[in-house]
Amino acid sequence: MKTLSHVNDLAEHYDLVVIGAGPAGMAAATLAADKGAQVLLVDENPTFGGQIYRAVSSTPLKDRALLGADYWKGEAIGAAFSQSQADYFPGATVWQLSPELELGISSGGRTAVLHARRVIMATGALERPMPIKGWTLPGVMTAGAAQILLKTSGVAVSGKVVLAGCGPLLWLIAAQYLAAGKRFDAILDTTPRGNWRTAMKDLPGFLTSPYLAKGLKLMAKVRRQAKIISGVTALAAEGEGHLARVRYTAGGREVVIEADHLLLHQGVTPNINMASASNCELEWDDAQLAWKPKLDDWGNTTVPGIAISGDGAGIAGAEAAAERGRITALDALAGLGIISIAQRDEQAKPIRSELNRYDRGRVFLDRLYQPAQQFRVAGEDTIACRCEEVTGGQIRKAVTTLNIAGPNQLKSFLRCGMGPCQGRLCGLTVSETIAEARGSTPEAVGYYRLRAPVKPVTLAELASLKQSETEIRTVARG
Amino acid sequence: MTNNFDFAVVGGGLVGAAIGYGLAKRGLKVAMLDEGDVAKRASRGNFALVWVQSKGLGMPAYATWTRRSSDHWGTFARELEERVGFSMAYRRPGGFHLCLSQDELDRRAANINRLHNQGESEPYRIDVLDGDEIRRHLPEVGPEVVGGTYCALDGDVNSLKLFRALHEGFAVEGGHYRSGSLVQEIAGAQGGYALKTDEAVVHADRIVLAAGLDNVRLGKMIGLDVPVRPLRGQVIVTEKTEPFLDMPLSTVRQTDEGGVMIGDSQEEADDYRVMRPGINAVMADRAVRMFPRLANLNVVRTWSALRVYSRDGFPIYQESPTHPGAFVASCHSGVTLAAAHADLLAPLLAQGKLSSDLDAFSSRRFHVSATA
Amino acid sequence: MFQRLPDPSGSPVSFTLDGRPLEGRQGDTVSSALLAAGVETCRSSAVSGEPRAPYCLMGVCFECLVTIDGVGNQQGCLVALRPGMQVETQIGRGKRELAR
Ligand SMILES: Cc1cc2nc3c(=O)[nH]c(=O)nc-3n(C[C@H](O)[C@H](O)[C@H](O)COP(=O)(O)OP(=O)(O)OC[C@H]3O[C@@H](n4cnc5c(N)ncnc54)[C@H](O)[C@@H]3O)c2cc1C
Ligand code: FES
Numbered sequence: 001m002k003t004l005s006h007v008n009d010l011a012e013h014y015d016l017v018v019i020g021a022g023p024a025g026m027a028a029a030t031l032a033a034d035k036g037a038q039v040l041l042v043d044e045n046p047t048f049g050g051q052i053y054r055a056v057s058s059t060p061l062k063d064r065a066l067l068g069a070d071y072w073k074g075e076a077i078g079a080a081f082s083q084s085q086a087d088y089f090p091g092a093t094v095w096q097l098s099p100e101l102e103l104g105i106s107s108g109g110r111t112a113v114l115h116a117r118r119v120i121m122a123t124g125a126l127e128r129p130m131p132i133k134g135w136t137l138p139g140v141m142t143a144g145a146a147q148i149l150l151k152t153s154g155v156a157v158s159g160k161v162v163l164a165g166c167g168p169l170l171w172l173i174a175a176q177y178l179a180a181g182k183r184f185d186a187i188l189d190t191t192p193r194g195n196w197r198t199a200m201k202d203l204p205g206f207l208t209s210p211y212l213a214k215g216l217k218l219m220a221k222v223r224r225q226a227k228i229i230s231g232v233t234a235l236a237a238e239g240e241g242h243l244a245r246v247r248y249t250a251g252g253r254e255v256v257i258e259a260d261h262l263l264l265h266q267g268v269t270p271n272i273n274m275a276s277a278s279n280c281e282l283e284w285d286d287a288q289l290a291w292k293p294k295l296d297d298w299g300n301t302t303v304p305g306i307a308i309s310g311d312g313a314g315i316a317g318a319e320a321a322a323e324r325g326r327i328t329a330l331d332a333l334a335g336l337g338i339i340s341i342a343q344r345d346e347q348a349k350p351i352r353s354e355l356n357r358y359d360r361g362r363v364f365l366d367r368l369y370q371p372a373q374q375f376r377v378a379g380e381d382t383i384a385c386r387c388e389e390v391t392g393g394q395i396r397k398a399v400t401t402l403n404i405a406g407p408n409q410l411k412s413f414l415r416c417g418m419g420p421c422q423g424r425l426c427g428l429t430v431s432e433t434i435a436e437a438r439g440s441t442p443e444a445v446g447y448y449r450l451r452a453p454v455k456p457v458t459l460a461e462l463a464s465l466k467q468s469e470t471e472i473r474t475v476a477r478g
Numbered sequence: 001m002t003n004n005f006d007f008a009v010v011g012g013g014l015v016g017a018a019i020g021y022g023l024a025k026r027g028l029k030v031a032m033l034d035e036g037d038v039a040k041r042a043s044r045g046n047f048a049l050v051w052v053q054s055k056g057l058g059m060p061a062y063a064t065w066t067r068r069s070s071d072h073w074g075t076f077a078r079e080l081e082e083r084v085g086f087s088m089a090y091r092r093p094g095g096f097h098l099c100l101s102q103d104e105l106d107r108r109a110a111n112i113n114r115l116h117n118q119g120e121s122e123p124y125r126i127d128v129l130d131g132d133e134i135r136r137h138l139p140e141v142g143p144e145v146v147g148g149t150y151c152a153l154d155g156d157v158n159s160l161k162l163f164r165a166l167h168e169g170f171a172v173e174g175g176h177y178r179s180g181s182l183v184q185e186i187a188g189a190q191g192g193y194a195l196k197t198d199e200a201v202v203h204a205d206r207i208v209l210a211a212g213l214d215n216v217r218l219g220k221m222i223g224l225d226v227p228v229r230p231l232r233g234q235v236i237v238t239e240k241t242e243p244f245l246d247m248p249l250s251t252v253r254q255t256d257e258g259g260v261m262i263g264d265s266q267e268e269a270d271d272y273r274v275m276r277p278g279i280n281a282v283m284a285d286r287a288v289r290m291f292p293r294l295a296n297l298n299v300v301r302t303w304s305a306l307r308v309y310s311r312d313g314f315p316i317y318q319e320s321p322t323h324p325g326a327f328v329a330s331c332h333s334g335v336t337l338a339a340a341h342a343d344l345l346a347p348l349l350a351q352g353k354l355s356s357d358l359d360a361f362s363s364r365r366f367h368v369s370a371t372a
Numbered sequence: 001m002f003q004r005l006p007d008p009s010g011s012p013v014s015f016t017l018d019g020r021p022l023e024g025r026q027g028d029t030v031s032s033a034l035l036a037a038g039v040e041t042c043r044s045s046a047v048s049g050e051p052r053a054p055y056c057l058m059g060v061c062f063e064c065l066v067t068i069d070g071v072g073n074q075q076g077c078l079v080a081l082r083p084g085m086q087v088e089t090q091i092g093r094g095k096r097e098l099a100r
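Line by line, the protein sequences give chains B, L and E.
Quick note on the UniProt record's numbering: the first sequence kicks off at 1 and runs consecutively.
Quick note on the UniProt record's numbering: the second sequence kicks off at 1 and runs consecutively.
Quick note on the UniProt record's numbering: the third sequence kicks off at 1 and runs consecutively.
A portion of the hints provided could be inaccurate.
What the hints assert, rightly or not - As a list, the in silico DSBU-like pairs of lysine-lysine whose alpha-carbon atoms are at most 35 angstroms apart:
1) 294(B) to 196(L)
2) 466(B) to 133(B)
3) 397(B) to 29(L)
4) 40(L) to 29(L)
Hints were generated in silico from the structure; no laboratory data involved.
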């Protein structure tokens, strides 16, 4: 791999541009480059690895047992990518992707525009928002953030720490923290009790899942070492200027505990902002309670030339992400004329059977860890949109008194989703809160319509792009 | 749910909402029928100017109409704000148009001159200023600005708050807003009209079409030719920054919330989902040349929206000759004209007859020139 | 509180926060270095002025905004810490300063 550090180092054309250097992106870029395609991999983070393998080549943690064997699987993917012929541009953000596959790439306050014949988005997942009262207080962060601190900097959240939420990752992060010699004052499990019942019918599939043994071991380990309070039905962060207390309800009883830190997590959802801004069609996934792009068997979106792999295509986990990356890469190679369709199909076979293995039992996990409704919609005084500080109460009032149909209309009335995060964090909350208020579904209510820039860029960067005479005339009119 | 109304307004954008609000507050029982969440809505994508200077070159009646709306805006805003209980950040401090080359300035001055010469009923002042005079008024303006024009009648508003206020005002006055109710068919029925949507059939004694570009299709159903077309405009918005500009410019303004809006292109195009990066580049480039200290501000959003433009660019207000009690209202500049729509046009609609001073806005003007 | 685990491998990186000298480690982002140094609140919200601190550390939430080497509203969690960096919190200044 050749590491780029300035937009001037970019070529004007690439066969394939891969966005996101997690397992999916690295695997896709490596395979395509190894077959001779001219490949660029861009990631906004300073190191490769994505979320799961974050900083795998640079983490200061020497004790390998601390992050667990799964983390270190990233070393091999990272090593293969490092040996490939791909261009790698860290610390660079793709902020625009046009239907003609022109990409705007920004780094260090400068932008270059280049053309790709194929694009694979591998922008991964985000942690699902968990809007509770007081969650904007300093002292409250996501559990994923705490994990990132650990991986990149060997820094751990300490003092009085409360971990709250649900999902497999919650237990993994708890285990990693415990392995690092840290402790939790409480782990508040918000998994709705009824989930076991709905998930049971998919249990047989899960019994054959590679995740089963791992998951059970993890949970047992955490249970031995931490105080777990299950059946938590309400949660709030309190304090003046900083978190001081966590208030929760479990088994109908309200409890207040002192806390310096509250770590929230209730699963991950596909990061769909760029897909949506590029006009790729989305669909609602009722098991995962999230939007995902509409894709064919090769990960192609509804926009020609753009494919999506990894968790951005629907949550399936890190190992599946790498395999899905390879699938999209094979189809890109065929599209580029580097391999034949027959070769593509042949080489995809073993990958697909591997993927099937990971698929087993996914539905069980999805259903078991569906977060409770009250943690997905914003309560009366709870902020839904952190940037513009719009509460659940404001949303419900607008929806009912003004008869608002969906998030785009709401956005123009209340500004939710208009801040710098561009609705990334509040999108799901807002759709679900509107749906609840209207007695409808998120699918019917819809999602924010997004546009470039997918991430903010400076006016100077926009101004530096090419301007044609006709374009100038549309603006300078006298 | 009732389906019988005195008046049905087709379209819930700025034009429909202003008319609906004006009708409802006169005690009529009004339905406002609107599309769903995603639609071609200029109302969400406009630049929020309440603008007078340079409007009406080629049609004195439009200059007058604009002026009347602008003069009435303060009263209209106060009254609406009292009803809904929040401010729309309306202001009328005067406004500038800046030019970045001598050629632009010359063209601008010539246009202003022609406007004055076309014989205004109520003439108003537009000053042509050189760069240094502009920099005296607006200290952040950079050296590349060679001059511009100023008019004391210009102002702006927070257009999203205006949009919301009109909808809230409409609701407060007992209006019935129905989203997801694209009108499919219009038929005469029992001395009134039946409007068919996916959800229901709505009956109204009288109707007004304020459906923007869809007025072309709907107009035919009431025997009217409404020659409007889309003219695409792109707008850029930055993150919130400290206040630096306390009056609107035709292409740059700072909102009450702190964001800087940069507009706006005009292009013959009809896909509102598409944006041309090159056009954003031109707008950003010009904004930075006008205000060099904006260069490092982050852009958080850009969008394109479709203006509703008639063949000559002026509004169309008209009652159908074949379908009495069925009206059409199509125009660009729905922000500037909101006051006129709510408080001048709506009362006429409520009475059932447009006044003769609105004759100039009839679509007959297109047919006269076509046959001449 | 945030604690570095014992025996870190990265070498120290000196930078300043609001003019005050601080030390982070190689591999840190600006946000992780600030958190490790005990600085949580990095800015005031641009709407209400309430204190805010990094929330996601993965580039999503824009809560970690700080001024870096004179440029405002930078996502601290995406910028690698470099020696000599001048970092400023944006406390009390919710909206971005002009030309910074
Ligand atoms: C906070 C968090 C912690 C997690 N921890 C674990 C864990 O410990 N164990 C586990 O098994 N699973 C974990 N997961 C799930 C796991 O991350 C995924 O299954 C896996 O990473 C998916 O791989 P991916 O390649 O699809 O995406 P990712 O690994 O997320 O990689 C996507 C990459 O795209 C980049 N990117 C996004 N947008 C742009 C843009 N516009 N321009 C440039 N680059 C961009 C991002 O910086 C990121 O590096 C975690 C998820 C999250 C959100
Ligand atoms: S902490 Fe969320 S973007 Fe940096």
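Consistency of the hints with the structure:
1. 294(B) to 196(L): 33 angstroms, holds
2. 466(B) to 133(B): Violated - the C-alpha atoms of residue 133(B) and residue 466(B) are around 46 angstroms apart, more than 35 angstroms.
3. 397(B) to 29(L): Given that 35 angstroms is the threshold and the Cα spacing comes to 23 angstroms, the pair holds.
4. 40(L) to 29(L): Holds. Residue 40(L) to residue 29(L) sits at ~27 angstroms (cutoff 35 angstroms).
The structure fails hint 2 only (numbered hints given earlier).
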